[in-house]
Amino acid sequence: MDEGIIFRMSAYSVQGGRKYMEDVVDIRIEYEPTQSPSPGEDDPKSQGHGGQGKTESEPTKQTENETHDQNVAAESAPVSAMWVESLSEEDSGNNSAPVSEEKVAGQAVDARRSVAFFAVFDGHGGREAAHFARENLWELLKRQRGFWSKDHSEVCAALKKGFIACHHAMWKELPEWPKTITGLPSTSGTTASVIVIRGVHMYVAHVGDSAVVVGVQENDSDIRLQALEITQDHKPELPKEKQRIERLGGSVMKKSGVNRVVWKRPRLTHNGPVRRSTVIDQIPFLAVARSLGDLWSYDFYSGEFVVSPEPDTTVMTLDPKRHRYIILGSDGLWNMMPPNNAVNMCSSHDKMVGPKGMSCACRLGCTALLFWKQRMLRADNTTVIVLALQVRGDPPIPMHQDEVIVDMSTGMDHVPFPGTTYNTCQVPQVSARASLHPPCERLWQLMTNSKNVAFLKLTDLCVCVCVCVCVCVCVCVCVCVCVCVCVCVCFISLVKSPFSGYISPARVRRAASCSRCSVVY
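The C-terminal position of the sequence shown is numbered 521 in UniProt numbering, with every residue numbered one higher than the one before it.
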């Protein structure tokens, strides 16, 4: 059995000002079953398309049965810790505590092996697709034939089948989702970037533009890390994606300088069946070529979705001596920060910031938000998950705020480094209204407590010093303006006094002249 890796995990998310968009995170750590599921356990949702030959009542009935099956599977699954975090305003406080270790009767559990699942869903057109993927994708992946196999090709095939099964299950839920303002079916969709870690192997599957980046250090003498981009954004302008879209009868058009997949729909004023004479509107709609949801893109002639749910998959063997960081982030991060800058910011952050400081994920997220603000743009939703790999046997790096440490060979309850301070096994608390300047509040809390003065961070001090300098400069400018105004008022009062009347230039010359030498000054 491969020796599992050890890593520190932190997560951060903030909902920006974009309407009808929401980022959702799913983090789960479970014990891996010793026996693969039987071939008959493939999820029925993955068999065919849910929208053909179905009545309105039939999908609802099947959905109830499938939901019951999922609940039964979730209750019987061996669990070490399960975290599901919703980063919305109404769900931000509903963090589920980790479930204690259980051994289910009738199913053997390998107590020395865990599997970790990390996912970022960047929703668009509504929150329904992102929330559905968060609740169902992991369970659907585990049910696919070959997911627990040791053959990498079978695992990748299972990941693809799980994504497609989740997509088809959304079709059955579409009647329950709220309609658009114009009364059309929901246009909700979501990107999905998934990391599954088993032993020393990392499986990556993704659709959309939420990227996965690995920070690589080839030599110990290298000061800067190199960013290895594991995923490639599914943009409509890519030749491969554009050819696929056009082959299925779709098209790509530019809107405001951005290439988008075209939504072909009958004009809103049209009533009745669609005929050849029906006027079809072509609307540049979506800026990604693959996603989960976006059921509006189904083409009835080809029987496929123009916006494909099939993910790209990658397998990578992790070496903690070379691979230092794994960053999973939404486009709100990568649109503002190049991958090389992100991995090196994590590296320098761990070296500079002391214990109980800001986590790497929080640092990346706040920096991205600051860049959005500096460019005077409406900030996009920004979500970051950072895994900092540690070499087994090396001294541990001090834990930051909202971080947990995971040993994949023994699970969550094992402490690999005696004497190390650990945070609680909970998903980091994140808020939908994150402040752009958290160091100021944290500095005040630390200064009011003498025990925490030693933990003042250099970054916090720099920010506060800059704020103080700016305030002093503003005060000085205001004082100078007031002095100038007073001088001007005094001068005017001297030139034109209510007691002496108007002082003409001749009177000034006579007053300044010398009576003896008749010299005028």
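No lab work stands behind these hints, which were simulated from the structure alone.
Keep in mind that a hint or two might mislead.
In the DSBU-like style, the derived pairs of lysine-lysine whose C-alpha atoms are separated by at most 30 Å in a straight line are [what the hints assert, rightly or not]:
| hint | residue 1 | residue 2 |
| --- | --- | --- |
| 1 | K150 | K254 |
| 2 | K351 | K254 |
| 3 | K242 | K172 |
| 4 | K255 | K321 |
| 5 | K242 | K254 |
| 6 | K255 | K240 |
| 7 | K255 | K150 |
| 8 | K264 | K160 |
| 9 | K179 | K150 |
| 10 | K160 | K179 |
| 11 | K179 | K235 |
Quick one, are K242 and K172 close enough, alpha carbons at most 30 Å? 28 Å, holds
For K255 and K240, compute the direct alpha-carbon distance and say whether it is at most 30 Å. Holds, at roughly 20 Å.
Against the 30 Å threshold, does the CA-CA distance of K264 and K160 hold or violate the hint? 27 Å, holds
For the pair supplied as a hint, K179 and K150, is the alpha-carbon distance within the 30 Å limit? Violated, at roughly 43 Å.
Between K242 and K254, does the CA-CA distance stay at or below 30 Å? Holds, because 13 Å separates the two Cα atoms, which is no more than 30 Å.
Restraint check for K255 with K150, where alpha carbons must lie at most 30 Å apart: 45 Å, violated
Checking one constraint from the list: CA of K179 to CA of K235, max 30 Å. Satisfied? Roughly 26 Å between the alpha carbons, so the hint for K179 and K235 holds.
Agreement of K160 and K179 with the hint, judged by alpha carbon distance not exceeding 30 Å: Since the Cα atoms of K160 and K179 sit roughly 29 Å apart, the hinted pair holds (cutoff 30 Å).
Take a quick look at whether K351 and K254 sit within 30 Å of each other, Cα to Cα. At roughly 44 Å apart (the allowed maximum being 30 Å), K254 and K351 break the hint.
What's the verdict on K150 and K254, does the C-alpha distance respect the 30 Å limit or exceed it? Violated: K150 and K254 sit about 44 Å apart, past 30 Å.
Is the hinted pair K255 and K321 satisfied, with a Cα-Cα distance of at most 30 Å? 45 Å, violated
Comparing the model with each numbered hint stated earlier shows that hints 1, 2, 4, 7, 9 do not hold.
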